[in-house]
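Engineer: Residue numbers (the working numbering): 1 to 598.
These aren't lab readings, by the way, just hints derived from the structure by calculation.
With a straight-line Cα cutoff of 20 Å, these simulated PhoX-like cross-link-like pairs (lysine-lysine) come out:
#1 LYS237 / LYS261
#2 LYS522 / LYS476
#3 LYS406 / LYS333
#4 LYS390 / LYS354
#5 LYS534 / LYS459
#6 LYS271 / LYS237
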Amino acid sequence: MGFAWLLGAGASATAGIPTGYQMIQEFRTRLFASETGISLREIDPADPVWQSRIDLHHERKGVLPPKGDPSEYSRAFEALYPTADDRRLFIRNQVSKGSPSLGHKVLGSLLGARKTPCVFTTNFDSLVESAATIASQLLPANERGTPTLAAIDNAARAETCLRESEWPLIVKLHGDYQSVELKNTDQELAQQDAQLRLVLTQSLQRFGLVVVGYSGRDDSVMQALGAVLRSPVRYPKGIYWLCRDADSLLPAVRELLEQAKLAQVDVHLVKGTTFDELCGDIADVTDLPAPLVTHVFGERSAATVAQVPLLRQAALRAPVLRLSAMPLIEMPKSARRIALNSNAGIADVRALLKQAGVRATVGQAGGPGVLAAFGADAALEKALAPYGAKLAGEVALNIARDSWAKGVIYDALVRALCRELPLFARLHGRGHSLSVSRPNSELPRELAQARRELLSRLKTAYGSELTGPVPGTSGKYSEGLSIRLEQADDRWWAVFEPATFIDLNHRAPDADPPQSNAEWRKAEDWRRERWVQKYNHRWSAILDAWAELLTHAQGPRRSAYGLAAETGIDAVFELGAKTARSRPAHDHDFFHVPRGQR
Numbered sequence: 001m002g003f004a005w006l007l008g009a010g011a012s013a014t015a016g017i018p019t020g021y022q023m024i025q026e027f028r029t030r031l032f033a034s035e036t037g038i039s040l041r042e043i044d045p046a047d048p049v050w051q052s053r054i055d056l057h058h059e060r061k062g063v064l065p066p067k068g069d070p071s072e073y074s075r076a077f078e079a080l081y082p083t084a085d086d087r088r089l090f091i092r093n094q095v096s097k098g099s100p101s102l103g104h105k106v107l108g109s110l111l112g113a114r115k116t117p118c119v120f121t122t123n124f125d126s127l128v129e130s131a132a133t134i135a136s137q138l139l140p141a142n143e144r145g146t147p148t149l150a151a152i153d154n155a156a157r158a159e160t161c162l163r164e165s166e167w168p169l170i171v172k173l174h175g176d177y178q179s180v181e182l183k184n185t186d187q188e189l190a191q192q193d194a195q196l197r198l199v200l201t202q203s204l205q206r207f208g209l210v211v212v213g214y215s216g217r218d219d220s221v222m223q224a225l226g227a228v229l230r231s232p233v234r235y236p237k238g239i240y241w242l243c244r245d246a247d248s249l250l251p252a253v254r255e256l257l258e259q260a261k262l263a264q265v266d267v268h269l270v271k272g273t274t275f276d277e278l279c280g281d282i283a284d285v286t287d288l289p290a291p292l293v294t295h296v297f298g299e300r301s302a303a304t305v306a307q308v309p310l311l312r313q314a315a316l317r318a319p320v321l322r323l324s325a326m327p328l329i330e331m332p333k334s335a336r337r338i339a340l341n342s343n344a345g346i347a348d349v350r351a352l353l354k355q356a357g358v359r360a361t362v363g364q365a366g367g368p369g370v371l372a373a374f375g376a377d378a379a380l381e382k383a384l385a386p387y388g389a390k391l392a393g394e395v396a397l398n399i400a401r402d403s404w405a406k407g408v409i410y411d412a413l414v415r416a417l418c419r420e421l422p423l424f425a426r427l428h429g430r431g432h433s434l435s436v437s438r439p440n441s442e443l444p445r446e447l448a449q450a451r452r453e454l455l456s457r458l459k460t461a462y463g464s465e466l467t468g469p470v471p472g473t474s475g476k477y478s479e480g481l482s483i484r485l486e487q488a489d490d491r492w493w494a495v496f497e498p499a500t501f502i503d504l505n506h507r508a509p510d511a512d513p514p515q516s517n518a519e520w521r522k523a524e525d526w527r528r529e530r531w532v533q534k535y536n537h538r539w540s541a542i543l544d545a546w547a548e549l550l551t552h553a554q555g556p557r558r559s560a561y562g563l564a565a566e567t568g569i570d571a572v573f574e575l576g577a578k579t580a581r582s583r584p585a586h587d588h589d590f591f592h593v594p595r596g597q598r
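Required output: the full structure, derived from the provided sequences and hints.
Structural biologist: Spelled out as structure tokens, the structure:
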């Protein structure tokens, strides 16, 4: 009876109800279809190509906030469904898709057995109360806890339960899908019902709090959680906040948890655990009545002793899964720190470097007026003299903590991989990519031959030319990779995904984006057809060819600019040549080989 629960949309994900993120994607897709006249049947929202097309459309229109903005859900919802009645009908259709998951069954059993006092939820579905009602009916009348349900239009029930300690209690903070008053948009969420806020804050002065699937995007609930910290008694058993990882928390949530720590509240981030997994673990260590154990886990057959033949042949040596990731054995730990007497934006800085013909990688080191850079010191200082540039030592690069540092490393890594190879760095789109350079008829014969030899295995793996015209269009294609950095097993990995890049030749400044015209669609169909026949054996050969090109062709250590040590700070990387495998294969002795032999 020591913990209250706060459930958000993520808790209902495995029950078949779309999460907030999934609904945002649906809103954006439907708005795109409505505004462009493209049929929804033609759109595949799971296809990255369509995602890029949709994102570009909304960026150009400027009506919706940037992706990831806390107000994105509300703005997109209101744009697609302007009236409250329309929004209520949409929500009713969404919640009808769900049925209680394992997590709901366990939580309902805890409520029915009086082992959990109260559940607060921002969801509109009835999964928790349904699960609690079913569970309570499985118990004898004198043992069952029949939950009281309170929402916006009957908040007095919640006050009565709190005042008289009549648990269990389920509170729908934003209303029920059947409620006349739903709270879903930013304007509706700006103020929490006073009675329900009082019940929430006073409950959290009695109990600890477990938060599952809640993003913290609505200020009213977050303000109520913060108000508890100003009480003499607050979260007596602490706060347990489930999240994918700490970086995924919104700033408002991080601020709340920091304030809770300062107020001497025990705060625990439970990372990488789902609602179902958490509740399953709780059920395993909780003394639930036998009918509820059967309800949650089903009938468990009695254990029997049986003879099992021993394995008499070697276990499978080959890994089950091959991943398109290479270990990042070495990468820069610091860059040149350059102080400016101007608050010039990074775009202006890069334009000045380009005008001066200076090859360098630069990024703002956490804010205006300070740069992190790779390149020749003298050239950088001279080119940026109009901004009063002064070399100021070095700046540490912590890509796990600082997004600006990760951006600098991304740019430098792509440049390092492309240097001395017939590859082209694509740094001006979304993400970081590289592609095979198109043949140059003006190259000397020896260089052209060397280029063909470097790309020969890659060409064989693809089974076709690596660059060329897109049939029936004015576009040209080139094979390449998109690259991202991920941290796993206490190391960083360069994860690459083969892709075919298409560049259309004509695009006037005031023309519609190519994604919306027939020629681009034709090119996309050609690209999709090109990849549809690449099955596992072809994929494996392509991964091998790219790994060999990036790690063996010019040696395993790659630098972005090839600078002498005394002339500036270069970005030096080393990739392991063996792509990752699924556990336990990537920890096999095969990968523990001396440096230089990878």
